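Starting from the known structure of chain R, fit chain V onto it as the hints suggest.
Spelled out, the chains give:
Number of protein chains: 2
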Amino acid sequence: MKVTGQTWEYENKPVIIGTGTIVGPEEGEGPLAEDFDYVYDNIRINEKTWEKAERRLLEEAARKAAENAGITEDEVQFFVGGDLMNQIISSSFAARQMGVPYLGVFGACSTSMESLAVASMIVDSGGAKYVMAGTASHNCTVEKQFRYPTEYGSQKPPYAQYTITGAGCSVVSDQGDGPSITHATIGKVMDLGIKDPFNMGSAMAPAAADTITKHFKDTGRKASDYDLIVTGDLASVGLPIAKDLLKQNNVVMDGTIFDDCGLMIYDLTKQKFVNAGGSGCGCSAVVTYGHILKRMRKGELKRVLVVATGALLSPLSYQQGETIPCIAHAVALEMGG
Amino acid sequence: MKVTGQTWEYENKPVIIGTGTIVGPEEGEGPLAEDFDYVYDNIRINEKTWEKAERRLLEEAARKAAENAGITEDEVQFFVGGDLMNQIISSSFAARQMGVPYLGVFGACSTSMESLAVASMIVDSGGAKYVMAGTASHNCTVEKQFRYPTEYGSQKPPYAQYTITGAGCSVVSDQGDGPSITHATIGKVMDLGIKDPFNMGSAMAPAAADTITKHFKDTGRKASDYDLIVTGDLASVGLPIAKDLLKQNNVVMDGTIFDDCGLMIYDLTKQKFVNAGGSGCGCSAVVTYGHILKRMRKGELKRVLVVATGALLSPLSYQQGETIPCIAHAVALEMGG
Chain R
1 MKVTGQTWEY
11 ENKPVIIGTG
21 TIVGPEEGEG
31 PLAEDFDYVY
41 DNIRINEKTW
51 EKAERRLLEE
61 AARKAAENAG
71 ITEDEVQFFV
81 GGDLMNQIIS
91 SSFAARQMGV
101 PYLGVFGACS
111 TSMESLAVAS
121 MIVDSGGAKY
131 VMAGTASHNC
141 TVEKQFRYPT
151 EYGSQKPPYA
161 QYTITGAGCS
171 VVSDQGDGPS
181 ITHATIGKVM
191 DLGIKDPFNM
201 GSAMAPAAAD
211 TITKHFKDTG
221 RKASDYDLIV
231 TGDLASVGLP
241 IAKDLLKQNN
251 VVMDGTIFDD
261 CGLMIYDLTK
271 QKFVNAGGSG
281 CGCSAVVTYG
291 HILKRMRKGE
301 LKRVLVVATG
311 ALLSPLSYQQ
321 GETIPCIAHA
331 VALEMGG
Chain V
1 MKVTGQTWEY
11 ENKPVIIGTG
21 TIVGPEEGEG
31 PLAEDFDYVY
41 DNIRINEKTW
51 EKAERRLLEE
61 AARKAAENAG
71 ITEDEVQFFV
81 GGDLMNQIIS
91 SSFAARQMGV
101 PYLGVFGACS
111 TSMESLAVAS
121 MIVDSGGAKY
131 VMAGTASHNC
141 TVEKQFRYPT
151 EYGSQKPPYA
161 QYTITGAGCS
171 VVSDQGDGPS
181 ITHATIGKVM
191 DLGIKDPFNM
201 GSAMAPAAAD
211 TITKHFKDTG
221 RKASDYDLIV
231 TGDLASVGLP
241 IAKDLLKQNN
251 VVMDGTIFDD
261 CGLMIYDLTK
271 QKFVNAGGSG
281 CGCSAVVTYG
291 HILKRMRKGE
301 LKRVLVVATG
311 ALLSPLSYQQ
321 GETIPCIAHA
331 VALEMGG
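For the protein sequence lines, the chains are R and V, in the order given.
Reading the first sequence from the start, the letters are residues 1 to 337 in our numbering.
Reading the second sequence from the start, the letters are residues 1 to 337 in our numbering.
Bound-form chain R, shown alone (with noise of 0.2 Å):
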């Protein structure tokens, strides 16, 4: 691995040898169904409580990301997850019932492609044969956790965001078919002094132009080298605000589609309740691991740049006065690279 900047380039290309994606009814309603390899017709996942459908979530999409990628969970060496629930125990308690290796991570939604860094970087450098990154997210575990009591069906702001329900892993490798992880763009915090927890879109867009800005920088390359960038997730409001703040930046984002996750897994003309689009740990990560790599093995998209963002608040950081810090690592994806 080389470092320049803020950025990791991997000089084994670790490959992305098999992905597993499960998500929830409403994402199954969504544009990009036929690409998860599961949906639930129920919201509480067959499960007890909120929180033991986020962990059954993240436990079957593990599980499906072995499978797909032809190997038992047992040969899986290093589990990199985690997710945004308090302690991160969907994915701890996932990683107990994998019983393998694991580091726990947290990024807010960033931790799909933190967890893919990570789990990128200890195949690229160590020898590591089969490492699993994942995360996952249910709608329920985060507006109790976060917002209300799910109970309240309390009413949120036009440009607030919905949490979806879905979890994502992927088997990263040293060898093997798929696309390869060719580099990683670690974020800094940024904080624009955003105070109000319903508009993470506009918090989380200066953190997205700033590592954007970055790998290019540190890369030498720019938009027209990628076929498609995502962020994930800004939604409707904090895209543009991204795409005015790289404008700022001189990025130019012309020669490539820039488009987010947070508005590709809902139809957000006939799926009014998700307001601005989605969010959540899962979003990206089933967006990336369930329809854009399945894009790339077709051939369809050669280098996708997935740029995931996260809010580090807590609710207690919001109730003590403090702006939300926010957070966006990349990954640089590549098809026959």
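Just so you know, the hints here were simulated from the structure itself, not pulled from any lab data.
Since no wrong hints were added, every one of them can be taken at face value.
Since the list gives no way to pick out one identical chain from another, each pair is judged satisfied if it fits inside one copy or across any two copies.
In silico DSS-like links for lysine-lysine, alpha-carbon gap of 25 Å or less:
(1) Lys294 to Lys222
(2) Lys13 to Lys294
(3) Lys270 to Lys156
(4) Lys144 to Lys195
On a predicted model such as this, the values are computed, not experimentally measured, just so you know.
Okay, now just chain V, sitting in the frame of chain R:
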């Protein structure tokens, strides 16, 4: 880096070139007081809330570690940190203040060695020159979050542990003077069915025993290859259990001193309020970075294995009747290796 079983062997021997340790008044009355960089005389750490106090400890430990390493905070290329707070706000807010690329990690009290293992991997494999690892805990943030409001002054059973107030950071580099990091053994989640959240020592002992056993198996080393093996933190209840479990695993622990950070930081005969001993993310961090590394630099210890243990529960997982999943990550340190 070479991977054998659960163990990473760092081939370029990253070095700890500087550390910073800041503690509260109760740790300042313990036997290791002289080893810490700064001791606060008030548990509020001159802040208005417990959470701001914890964050301040971490920010100051980071500043001190950079200073002691002879670098500026700006020169830190990556900060790997975590803590016990929901959404690890102490680390994320400290990372905002530092303004460097940040990877959040979580392993409860094992975060000290998890962050050091990951930081060492970045240096070992990446050509990064300066990577910082750090963690913090505050007695009152943890009491409030995991148990009862601090104002209650609720009583605890004698087998309970006392979360230390303190933060420890280290700067890992690819060259320089100081103890080198030779191995890290990444733990599996172990759960032997303990449900009592006051009985952490018993819950975590199997994880410590498992990781030590795997470390010896993977490296071909034995206890007598180390001058000191320390767990962090099993305290007076958990350490004897770990010894018994190791005996059952046919691991001979003769020829070394087998101690625990939670027993070393306080004088249990005088500081009765700590019950079975210390705990918390900060405990193994300040004992390792303050006390143990000082002894290594003086030539009193050549090889040390630090086995940081973490209980991966949340108040919610406990309330939902779950048992306590635990983990232990071990890092091997060597002077003049």
